[in-house]
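S.K.: Given next are the chains, with one letter for each unit.
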Amino acid sequence: MNRGMKLKRHSFLSNQECQVIHDSSCRLLEEVGVAATSEKAIDLFQKKGAVYEQGRVKIPKNMVEDALEKTAKEITLHGQHSKDNIRLNPEDPLVYYGTGGQALNVLYYHDGEFEKKSAGTQDLIDILRICENLENVDFITRPVEPDVPEEKMDLEKTRIFLENTSKHVNLANLIKLDKLPEIIEAVKDKSRISFISCVLVSPMNLVSDTVEKFMDIVKEDIAVSISSCPQGGSTAPLSEVGEIIQVNAELLSAVVLANLVRPGAKVLYRGIPITSNLYADASPRWCQPESIRRIAVITDMTYFYKIPCCGTAAVSDEKEPNPQTVAEKTLSWVFESASGAQFINSAVGMLEQVLTVSPEQYIIDNQVISRIKELFSQSPDYDLAEIAQKAVHDALNMFDVNLDSQMKQDISNRIEFILSPKEEYTPEYAGSQVDTISKAIQSGRSSNKFMKASRAGLRKGWLYKGMRLEGQMNLDEVLRIKKQILGWDR
Amino acid sequence: MEDILEKIKKNIIEGRMNSEDEGFNGEMAGEPGVMELVQKALDQNISPSEILDKCLNPGMEEVGRRYEEGEYLTPDMLASAECVSEIMKILEPKLVKKEDQRKEKFILATVKDDLHDIGKNIVSTLLKGSGYEVKDLGTSVTPDEIVEEVKQSHAQFVGLSALLTTTMSNMKDVIDKLKEAGLRDKVKVFIGGAPVSKEFAQKIGADFYCEDAFDAIEKLKSA
Chain A
140 MNRGMKLKRH SFLSNQECQV IHDSSCRLLE EVGVAATSEK AIDLFQKKGA VYEQGRVKIP
200 KNMVEDALEK TAKEITLHGQ HSKDNIRLNP EDPLVYYGTG GQALNVLYYH DGEFEKKSAG
260 TQDLIDILRI CENLENVDFI TRPVEPDVPE EKMDLEKTRI FLENTSKHVN LANLIKLDKL
320 PEIIEAVKDK SRISFISCVL VSPMNLVSDT VEKFMDIVKE DIAVSISSCP QGGSTAPLSE
380 VGEIIQVNAE LLSAVVLANL VRPGAKVLYR GIPITSNLYA DASPRWCQPE SIRRIAVITD
440 MTYFYKIPCC GTAAVSDEKE PNPQTVAEKT LSWVFESASG AQFINSAVGM LEQVLTVSPE
500 QYIIDNQVIS RIKELFSQSP DYDLAEIAQK AVHDALNMFD VNLDSQMKQD ISNRIEFILS
560 PKEEYTPEYA GSQVDTISKA IQSGRSSNKF MKASRAGLRK GWLYKGMRLE GQMNLDEVLR
620 IKKQILGWDR
Chain B
561 MEDILEKIKK NIIEGRMNSE DEGFNGEMAG EPGVMELVQK ALDQNISPSE ILDKCLNPGM
621 EEVGRRYEEG EYLTPDMLAS AECVSEIMKI LEPKLVKKED QRKEKFILAT VKDDLHDIGK
681 NIVSTLLKGS GYEVKDLGTS VTPDEIVEEV KQSHAQFVGL SALLTTTMSN MKDVIDKLKE
741 AGLRDKVKVF IGGAPVSKEF AQKIGADFYC EDAFDAIEKL KSA
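Residue numbers (the numbering used here), protein chains in the order written: chain A, 140 to 629; chain B, 561 to 783.
Chain A with its partners taken away, still in its complex shape (with noise of 0.2 angstroms):
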């Protein structure tokens, strides 16, 4: 049976309000710019038209349009057989799950309680066998790096992944530009790798280092995640308006120099709006409701564009497997896969928001996703909150977790707040934000006034408040699974 799940794509912006983002953007990308060191992006930019000024690249709207137009519309990711080959095309979406990565931390469950230790390359192994076994893991993005010097680091990597995994291979970073003739040699074909480029940093940062190996991955038609991540409250507005302008226009300024560095660029659509955690130490939210309905709304703006979407969901900010790991992860998969976002990164296995990783989580993972696939598969005409509702009691009762009413409201609560839209995106409201952003970037000390302007948001309950899921959760099948796959000495 072939990979990718194929259902129908719930919206959350029309066309006209695509049409508000997609133009605040432009006029963000074009009066602001991103800033910018790498004198091969920018001599690359000057050369096509862009104006670069006190150390930021203004991109006029052609640029980004004829962009649009020309990066590629269908991307083929291959595994080791056609049967495990991803397909992304917009026009005819399907949606494919995969493991996230570089988490610094391993748990492994002994003796009834989670033992924390650095990840290393037998974690590595131990993460692909397991993933390898996992039918809803559709391909693996480098979750631990290998314990090895960095300068060792690409080539190990990829001989770890060619030995133990047939699914597609997503490498993340590279962590050498001149390893890059290396691994294309050892993988002989280019589809079987791609790579996740965080390019940017929020806001309007191109990164030098990186974006000199991105351009280079796409020189060699290798596809390639462009991400960028902002903090809604810290790196971004806080308004949900704001930010989706902001990512947008950072990812556009990213597939505007892919494809004047080849046309026709492999690149996928990578935005993960989250919000900082205002509440306490400003420590990212990524798996709370304004994060999930964020990083869901984001993948609307790939079909505007009609270009490749790379989703992100399940990052939990729990610690361990428990209940409210998987009432958040559960939550997220629902809504990224509804969506539409097709090749769903950090899926599955990660705690800890991305720092951490567990053998446990991947299994527990891969049976939730079973689980919302079947939901979907038995209602082709589904209505959101209901299916959103009936996945997270589901999957907790597959752990014997204990649902009283308390946890039930605060689960309607989560997935209300999730549909429901804050702000309105009209072009008057999206120019003012364009506006704070513009005043924030000119500062010089943009995550002081980001924060400051968070303050009416947050009075209007912009940051989810409610409760955490308590309770035990019965590990016993996954503790069995995870036996029969590494072995009872591990």
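Keep in mind that the hints were calculated from the coordinates and are not lab data.
A quick note: this is a predicted structure, and the numbers were derived from the prediction, not measured.
Heads up, none of these hints are tricks.
Here are some, though not all, of the chain B residues that point toward chain A, as calculated from beta-carbon distances under 7 angstroms:
#1 Phe-584
#2 Asn-585
#3 Gly-586
#4 Leu-633
#5 Thr-634
#6 Pro-635
#7 Leu-638
#8 Ala-639
#9 Leu-675
#10 Ile-678
#11 Thr-725
#12 Pro-755
#13 Asp-772
Anything over 12 angstroms on all C-beta distances counts as not near chain B; from chain A, calculated:
#14 Ala-524
#15 Lys-529
#16 Gln-548
#17 Phe-556
Ideal placement from N, C-alpha and C gives every residue a C-beta, glycine not left out.
Based on the hints, put chain B in the right spot on chain A.
M.R.: Quick look at chain B alone, frame taken from chain A:
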């Protein structure tokens, strides 16, 4: 006179910098903020030390109380600290300098190859609001630049930030360079950022690991 001092204190509590500032509910633009009010108070010959005693200190105490009780959130605290920091820029040159009032110096930097600065900026604002002299070197700062600044400024504290797992190791390079320059014993090194931990701080020989900006202020009290 009481009226204007009350207004300054009120605006510190509300974290309103100037008349364009919309305040915490987004609806306060138009009313004068602390910058206009402090200038007006000075024009009325109110002494800087009176502004300090009657506005800044009680204002920040009230902000602290509201934060402790959960009424205020991080951005509120930040807005008020920023007001205090800007007021101090006006008042400081006018205050009579005493030897024991000399401020302690804190150097802040996001380490080489890392452009993330949210945490560092919050620390910077809170430190300034707490009366420290802060030299913020910005992002992607090399170990040599940090060592040079320590040499020049005779700072007592260095705060290093990193968000990326690939750049956190550059914190150790800073500590090693401080040792090489014979400056390690002269400064206390604080580190923070998502991927770092208490264990990592111990491993690289930093003095303090700070979980967040508020923790940094707390740790500083014991430094």
